[in-house]
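> Given the sequences, and given the hints that come with them, work out the whole structure.
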Amino acid sequence: VICAYTEARWDLLVRAVGSVFRQAVRPAEIVIVIDHCPALLRRARRDLAELAESDDGCRLTIVENTGERGLSDARNTGLRYAGGEIAAFLDDDAEADDLWLSYLCAHYRDPSVIGVGGRVVPQWERGRPAWFPTEFDWVVGCTYRGLPEELAPIRNLMGANMSFRRDAVMGVGGFSPALGRVGSTPVGCEETELCIRLTSRGADVSLLYEPQATVQHHVPSSRATWGYFRSRCYAEGLSKAEVRARTGPREALRSERAYLVSTVPSGVARALAEGCRGRPAGATRAAALAAGVATTIAGYVAGRMGRTPPVPPAGPEVSERRATAVALAAVAALPVAWLLVGISLRHVHLAGMGDLGLVSVLPVGFWAGLAVLAAGFGLAVTRRRLSPPLLCAYVVSLVLVLHGTPAVLYGTLRYAWAWKHVGVIDYLARHGATDPHLGGDLAAYQSWPGFFAGNLLLIKVIGVRSALSYASWAPAFFDLLVLAPLYLIFRRFSQDQRLIWTALWLFCLGNWVGQDYFSPQAAAYFLYLVVLAVGLRWYSSSGVAAADAQVPATTPPRDQRAQRAVMLGALALVVAAIASSHQLTPLMLVTAVAGLVLCRRCSERFLLVVAVLLTGGWIVLVARSFLAANLHSIAASVGHPGGNTQANLLNLSHASRGQVLVADLDRLLSAAVWLLAAIGVWRRRHGLRADLPLLVLALTPLPLIVANSYGGEMVFRVYLFALPFVAFLAAASLFPSERSGRSRLFPVAVIGVSVALLIGFLFSYYGEEQVNYFSPREVAATSWLYSHAPASSMIIGPTGDLPWGEKNAELYRHYWFALDAPRGREQVLANPVQALCDDLTDPRHPAAFLVFTRAQAAEVDTTGLLPPGAIARIEAAVVSSGRFRVVYRNADATIAVAVDRPASVTPVPKP
Amino acid sequence: MSTPLSTTPGLQRRQQVGLVLLAASGWVVLGLTALPSGTPVRQVAGFAFLLTCPGAALVRHWPGMDGLERLVLAVALSLSAAMLIAETLILAHAWSTPLALGGLAALTSAAALLPGAERRGVRR
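Here the protein sequences line up with chains E and S, keeping their order. Going letter by letter, the first sequence gives residues 29 to 939 in my numbering. Going letter by letter, the second sequence gives residues 9 to 132 in my numbering.
Please note that the accuracy of each hint is not assured.
Short derived list, chain E residues pointing at chain S, Cβ under 7 Å [unchecked claim]:
1) H64
2) A67
3) G542
Each pair of labels, with its calculated beta carbon distance range [said to hold, decoys possible]:
4) G110/S / R767/E: 32 to 42 Å
5) R770/E / L107/S: 38 to 48 Å
6) G26/S / Q523/E: 29 to 39 Å
7) F55/S / G439/E: 20 to 30 Å
The hints are simulated quantities; they were obtained by calculation from the structure and are not laboratory data. Think of the CB as a built atom: it goes at the ideal place given N, C-alpha and C, for glycine as much as any other residue.
This is the structure we're talking about:
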């Protein structure tokens, strides 16, 4: 195969073809590939055909490069057209010795040999320049000093004189078009990269160097210049960097290291010795050697940093200084951000919290701290020398700041449901058993007790009275925990650390739905991600590895049945924990695994069987009484996607202005993440086959919107389960490939996206804190209630938004009048004193308490359950009516009983 | 129980010590529950054990993973094992902290002392 790209070397081409015809061992066929040069193609078809006709026995084929312009695809074209078993490559400006093919072919008798190359001798057009060191003959594509003098295995062959087994090269996909020179632009190394790919396939294949197979390589005077020498050295460095990025540092630079530590120094020594003996050429040759090495290294460094100017940068000092400044800023921003956030948190007045929740009281310093954090991340992720530990520190800091802030500020457990979850553990601790027939809010937990039973074990083992002592830190804990399986998932699809850490960063910013509090779903979500991470890594179908995805270090032992059983058994343990702790997560897992199996991206069908059996088995064996009791309401919402998507947006027309803004920003943030993901899909469209699992996993939760409203939350849950994969694709909109995102303005783009999403996150996640936060006074009020309300007491209030239920929950009844049916609400609104008095004096309860708190009023006002200010009016009417007696009061809470039947104030007997 | 360990030539001494410590961890934590509530060593050791140890012993039998995978799976398996053992006892109306913790300790010991995947690999 001879590749030619210019008519200017016509005479040389004719000599090259002629030399092949003269071979002692005749080739079956000569393929000449013309690389996108119509004039040359016409001339070759006309003139070279005569050469072929004068010869019998050897076919001459002239074809055009069918791929992209460049030597790599030209060679691939040649390989496709050549019919034989072995393909030898000769440059168009080289002339083979008559025994060339004989020497090359002789070695193919050994089946382990997949390639043989030979010596390339420079044929200088005007004689060799005195300064040109033989160690650098590779600059002109020739054999250089430092290569073996006799037959030896070698890492890579030289493009001007090499041969391969054709099926071996085709088997690894041929030459890489990303490398290789185009026309006369001196970027090369495509053969090095191919050789590394060939030999990395197995230990039992080898490439041989046969110095006796010689070709003469024409070196025009234009290449015997200092300028060509320098630019070729620089380009070689660039190419080596590219090869290293593709094949890893060990292989790519093995020969180069040896070359640098032994060949070059001895060359310099020899040249210097010559110089000392009074031959000035020796000194210049030593200088040329040193300059050549320096230029190559400069090119390599530039290539590693992703800069690809064809000539050395004009002001290396300037860019170096800038890089140092960026590196310093990227490192320094982190402590600065922490300092700003830390100082600002001393000046938060929670009592002043308004309609926008925590957002309304966060001081400027907090916002500034987060802005610095985003800026630091933007710089760190676009730095030329990437530091994964630094990126990790940024993502961890983001999680700690966003989710640790409420824990630090409040000092009380946030979110009413978290208190109830603590109460379920308390129930299990007191009863040592579940009660599947227990009604009320906690019914579902009795049938899916995994998380609570695990926490029961935890509080007993570490010796604390209740989970209240640590539940505040659950969001930070779970959000940190999920980063690890997410990292494992993301690295399946890219080895670009920028993409991986940006995806993690965007995941944290997009995760505003607040399902990370102390809850079964938070724990189950972590386990769900672990199952997917393991499934994608160990059961990924072979043959779909992405162009830039990491190849597993060891292939899974698919064929070993015992090993498969161990792996599946371990996963079954995790799936069982999911199936027994939460209602929705196992269904999400089943649809996700089913999606992967159906799209042939999961080779282990038993994983699906295990997930279905455990999920179904748990429902049938343990949760059936809950299901039977709730079947009607579950069945009613099936197939009402409109109702299921709208359910969560109820009453938004009555909601406060701040909450309407928060709800709008929720939607805007979610839409922005999905929009970025769509852009990411578009920008990665060429590798979409490898990304298919991501698309499948982003879309599999969607059908569940149709299935159930899940208390009006299904849309949020679907968003949450799709989020990891959406976040990765969103990050891919910034870093679709290793080559993208290298421009100097790019940090601005990353920081801009971060800040925009961050603002959305703060409003969405902190916007409802007026309702989620409980002041110490509210906690004091419920503590009073616990110590004074006897068992079976009725607790009456506007809503259940109380720090309540963390103990003895099943001993109390409650009635939340603002959540009642419209008629009940209207009654209370029309005549609050009479309606509430009737409730409080209901003889069915031994005692009844009326509770008003700040958070309840905030919930009613912000969600518009009752007209604005209704709770304050009702409370004032009750207190001034004379029919109620206030038994407890502080700034945030009022507890009253009916005068007609005062509550007994004896403490609850300890069960 | 300790025979497979002493006859395994390939295992480094440090690994052996680590496995013995892992095998003992659950029993140590069980002993620590005798300490009064609020003792920091009891809290730290108990949390660390429940979070990592049973899984760390189990992942030994799954070769070919790198450090992060090992850690993630160790945590996931530990949490899962703790949840499943605790809820089994709850559903069986047989809750007892020593029984649950003892069960996990026994699982950890067994998984830590059984010949691991590396040894089985040698035998094949």
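> Indicate, hint by hint, whether the structure satisfies it.
Going through the hints against the structure:
no. : hint                        : verdict
1   : H64                         : 45 Å, violated
2   : A67                         : 55 Å, violated
3   : G542                        : 21 Å, violated
4   : G110/S / R767/E: 32 to 42 Å : 57 Å, violated
5   : R770/E / L107/S: 38 to 48 Å : 60 Å, violated
6   : G26/S / Q523/E: 29 to 39 Å  : 31 Å, holds
7   : F55/S / G439/E: 20 to 30 Å  : 21 Å, holds
Hint compliance for this structure: hints 1, 2, 3, 4 and 5 are not met, and every other hint is.
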